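Asks: As given, the protein sequences belong to chains A and B, one line each in that order. Mapping the first sequence onto the working numbering, position 66 (from 1) lands on 66, and the numbers just tick up by one. Mapping the second sequence onto the working numbering, position 183 (from 1) lands on 183, and the numbers just tick up by one.
Derived by calculation from the structure, the hints in this document are not laboratory data. Check before you lean on any hint, since a few could be wrong.
Some chain A residues near chain B, calculated using beta-carbon distances under 10 Å [unchecked claim]:
#1 N193
#2 S327
#3 P328
Quick list of simulated restraints, FRET-style, between CB atoms [what the hints assert, rightly or not]:
#4 B/F73 - A/S76: 24 to 32 Å
#5 B/I154 - A/G397: 20 to 28 Å
#6 B/L102 - A/K154: 50 to 58 Å
#7 A/A257 - B/M155: 16 to 24 Å
#8 A/Y182 - B/W219: 52 to 60 Å
#9 A/D165 - B/W182: 43 to 51 Å
#10 B/L142 - A/K230: 17 to 25 Å
#11 B/F73 - A/G214: 22 to 30 Å
#12 B/L31 - A/G397: 55 to 63 Å
#13 B/V95 - A/K154: 28 to 36 Å
#14 A/Q355 - B/M239: 52 to 60 Å
#15 A/D100 - B/R24: 45 to 53 Å
Small disclaimer: the values here were computed from a predicted structure and weren't measured. Just so it is clear, CB atoms sit at the ideal spot from N, CA and C, and this is done for glycine as well.
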Amino acid sequence: MVRKLCLALAVAASALAISASAWADITILVPSGSEGDGLRAAAADYAKLKGTKVETVQAPYANVFEQGANAGATKSGVFDIILMDDPWIPFFAENGHLEDLTSYFKKAGVEGPDNDFLSKSLAICRNPYNEGPYVCLPYVGNAQMFFYDAAKFKEAGVDAPNTWDDVLKAAKMLTEQGGRRYFGYVFRGGQGNPVVADFMPIFWSYGANMFNEGRTKVTIDTPEGAEAMKMFMALRDVSPKGVESYNANEVGTAMAAGTAASSINWPNWVATFEDPSQSKMVGKISYSPIPAGTKPGSSEIGHWTMGIMAASKNKQEAFDFMMWATSPQQIRISAERGNPPVRASVFTDPELTKQEKFRHYPVLMEAIEASTPRPRHPKWPEIENAFGIELSKAVAGTIKPDEALKNSQAAVEEVTGLK
Amino acid sequence: MLKSDKGTAAPLRLGRGMEQWSERHLRYLMLAPTVVILLALTIFPSIYMFYAAVHRVSPNPDLPWTFVGVDNFARLLTDGQFQVALRNTVVFTVVAVSIEFLLGLGLALLLDKFIRRLTFLKTVLMIPMMLPPIAVAITWKLIYEPQFGVLNEIMFRLGLPIQAWAGDVNLAMFSIIVADVWQWTPFIFLLMLAGLASLPVEPYEAAALDGASSWRQFWDLTIPFLKPVIAIALLLRVMDALRLFDLVFILTGGGPADRTKVLSLYIYQVAYRFADPGYAAAISLFVLFVTIVLSTWFMKRMRLAE
Chain A
1 MVRKLCLALA VAASALAISA SAWADITILV PSGSEGDGLR AAAADYAKLK
51 GTKVETVQAP YANVFEQGAN AGATKSGVFD IILMDDPWIP FFAENGHLED
101 LTSYFKKAGV EGPDNDFLSK SLAICRNPYN EGPYVCLPYV GNAQMFFYDA
151 AKFKEAGVDA PNTWDDVLKA AKMLTEQGGR RYFGYVFRGG QGNPVVADFM
201 PIFWSYGANM FNEGRTKVTI DTPEGAEAMK MFMALRDVSP KGVESYNANE
251 VGTAMAAGTA ASSINWPNWV ATFEDPSQSK MVGKISYSPI PAGTKPGSSE
301 IGHWTMGIMA ASKNKQEAFD FMMWATSPQQ IRISAERGNP PVRASVFTDP
351 ELTKQEKFRH YPVLMEAIEA STPRPRHPKW PEIENAFGIE LSKAVAGTIK
401 PDEALKNSQA AVEEVTGLK
Chain B
1 MLKSDKGTAA PLRLGRGMEQ WSERHLRYLM LAPTVVILLA LTIFPSIYMF
51 YAAVHRVSPN PDLPWTFVGV DNFARLLTDG QFQVALRNTV VFTVVAVSIE
101 FLLGLGLALL LDKFIRRLTF LKTVLMIPMM LPPIAVAITW KLIYEPQFGV
151 LNEIMFRLGL PIQAWAGDVN LAMFSIIVAD VWQWTPFIFL LMLAGLASLP
201 VEPYEAAALD GASSWRQFWD LTIPFLKPVI AIALLLRVMD ALRLFDLVFI
251 LTGGGPADRT KVLSLYIYQV AYRFADPGYA AAISLFVLFV TIVLSTWFMK
301 RMRLAE
């Protein structure tokens with residue numbers, strides 16, 4: 001009897017586990033952290049409001065890509081919506097994992113997303129960039145900003161860090177005076193995505209680019225690239241020891257603990273810096289656009305966007321949810337939950353901008369409008385890895401900066417087949 | 001009584017039939033779950049891996065797999081990242097397992113007499129290897145943290161230069177080895193301790209009567225007696241070290257400058273980040289081949305020892 005009962009329970013449990021996602025009308029794959037938490041909260045609101053069953057599956061950053069790619073490659077239909085980092089869009093779109101949203105907009109009686117969305121936020125949701133059909137909708141308006149301790153920079157003789165030379169001047173002085181406990185600059189030097197993400201804005205600020213206009217040639221090893229690399233190495237020299245393994249958490253912690261005076265960072269860190277329970281620097285950190293090099297500074301855009309998986313069995317329901325979640329009201333609620341918006345009306349909402357925790361909004365909106373996407377290529381993860389290895393070697397000092405550029409050029413040429 | 005017997009006669013016949021059937025087939029029924037699980041989780045994935053290794057597998061489900069023969073294996077010869085990962089894996093395996101073995105054996109010999117009574121100490125020593133590898137990796141990440149980590153805090157207070165334990169090209173692999181040694185030395189130690197506890201007393205008494213020194217006894221008696229245990233311990237540790245992933249993934253991500261990229265991490269990157277499961281399958285088969293060769297060699301050594 002007991003054995004029979006156990007068997008029945010085991011069968012029931014297996015059936016429940018297998019069909020868990022089938023119970024939901026919509027299943028959404030989201031990342032860990034504030035972006036995923038925000039959409040999960042929105043999904044719960046939607047479920048209450050519409051009586052729809054919405055399931056959210058939350059995974060660490062890299063696993064979201066892997067699970068999405070796996071679901072796409074196997075056409076499993078396990079996820080209806082994926083919340084994607086924008087550099088993943090070409091991979092998902094060009095491998096047939098994402099649904100073209102054109103027909104859904106037509107069915108809804110609109111041409112596409114409304115004009116309240118920032119133009120750069122919409123441009124990344126089209127594939128090819130800014131030209132092709134919409135394959136997703138923007139949800140979290142991330143773009144890098146320059147974070148700095150204005151009082152410390154003033155002490156070092158720099159009122160506003162408008163250029164990378166200004167940053168270096170202040171950072172050098174602050175590090176020299178810091179007695180190995182305080183540093184003028186800190187960055188993500190960890191191999192792969194971290195070091196590439198913190199190098200790209202400097203790279204662009206010196207007029208360098210990974211590819212030429214028509215993407216027929218790799219253009220990393222250029223005089224502009226060398227200038228950018230020279231500045232990057234100078235900034236490394238005034239950064240904490242161990243920066244070679246730093247990721248966002250280490251950089252954010254150094255800034256919040258007041259042991260570093262400046263860094264490039266993502267806007268979702270603002271909430272941490274302004275939270276007295278997590279930060280010693282409440283109200284002390286200033287936000288500015290990315291400093292200029294020989295050319296105007298440009299942030300790396302890093303939006304989180306929602307796309308419908310091509311194998312989804314609930315595409316219309318998924319589209320309805322996406323339209324609801326990206327409406328002005330919901331983007332405002334999302335902003336209050338700590339996620340940067342993607343709509344001009346929310347960025348300029350006086351009810352929000354008068355609050356201390358949203359004081360960075362004008363700078364962030366400017367940063368998004370002046371942002372550059374990471375090179376849009378379906379092989380971006382592989383390109384980023386190859387470039388990240390060479391940058392990591394340069395940061396660690398195992399090869400010279402010019403060698404790093406030369407090797408990166410060759411490695412990206414090999415990955416992309418552009419020679 | 002008779003009525004009652006008649007009443008139960010038919011079910012009894014059925015019961016006997018069932019009994020005969022189950023006698024004949026029970027072994028298959030008992031084996032079935034294991035066979036099904038083995039087929040689903042081991043045999044099928046292995047066949048699938050062999051199949052994928054000779055194909056170019058597109059991440060686009062609408063594109064067919066292209067047969068490429070041994071191309072994926074040939075890539076191993078020219079792939080610089082694979083060669084770096086292979087070299088790092090060999091360095092890690094040789095150094096980490098050697099240190100774990102020497103420390104484990106040394107500690108077992110030193111504490112053999114005392115520890116048999118100290119069950120508590122044995123339990124404490126088992127804790128590191130019972131912890132989930134991810135928890136161990138995160139603990140060591142916090143210890144190694146350059147600005148706020150306890151290790152650098154101690155260094156700073158002692159007036160010593162602080163170090164980028166996981167970030168310095170010269171220290172990163174060493175830092176990973178230290179974390180692995182911390183976790184797995186107790187495993188070798190406990191195996192050696194069990195081996196020492198099972199040694200016969202008579203040969204030692206005879207050797208002592210013949211005037212053999214402690215060193216001589218260790219070299220000519222302890223080591224030969226322990227050989228099977230040593231072989232098993234080394235075999236298990238080498239197989240596990242070749243699969244190192246968690247510590248590297250959490251502590252360094254393969255950096256800095258590729259100094260800690262190991263084969264498991266590279267296979268993971270190729271399969272999931274670069275969406276190239278065909279090539280990842282080829283590298284996995286290479287690792288499988290190396291593991292089988294090493295295991296066979298160890299097994300032969302073990303039989304020789306017996």
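Asks: Against each hint, give a clear statement of whether it holds in the structure.
Replies: The hints, checked one at a time:
1. N193: holds (9 Å)
2. S327: violated (33 Å)
3. P328: violated (36 Å)
4. B/F73 - A/S76: 24 to 32 Å: Roughly 29 Å apart at Cβ, these two residues keep to the hinted range, so it holds.
5. B/I154 - A/G397: 20 to 28 Å: Because 26 Å falls inside the window, the suggested range holds.
6. B/L102 - A/K154: 50 to 58 Å: holds (57 Å)
7. A/A257 - B/M155: 16 to 24 Å: holds (18 Å)
8. A/Y182 - B/W219: 52 to 60 Å: About 56 Å separates the Cβ atoms of A/Y182 and B/W219, which means 52 to 60 Å holds.
9. A/D165 - B/W182: 43 to 51 Å: Given about 46 Å between the Cβ atoms, the range holds.
10. B/L142 - A/K230: 17 to 25 Å: With a Cβ separation near 35 Å, B/L142 and A/K230 fall outside 17 to 25 Å, so the hint is violated.
11. B/F73 - A/G214: 22 to 30 Å: With Cβ atoms ~36 Å apart, the hint is violated.
12. B/L31 - A/G397: 55 to 63 Å: holds (59 Å)
13. B/V95 - A/K154: 28 to 36 Å: Violated: the Cβ-Cβ distance is about 50 Å, outside 28 to 36 Å.
14. A/Q355 - B/M239: 52 to 60 Å: Since the Cβ atoms of A/Q355 and B/M239 sit about 57 Å apart, the hinted range of 52 to 60 Å holds.
15. A/D100 - B/R24: 45 to 53 Å: violated (60 Å)
Comparing the model with each earlier hint shows violations of hints 2, 3, 10, 11, 13, 15; every other hint is respected.
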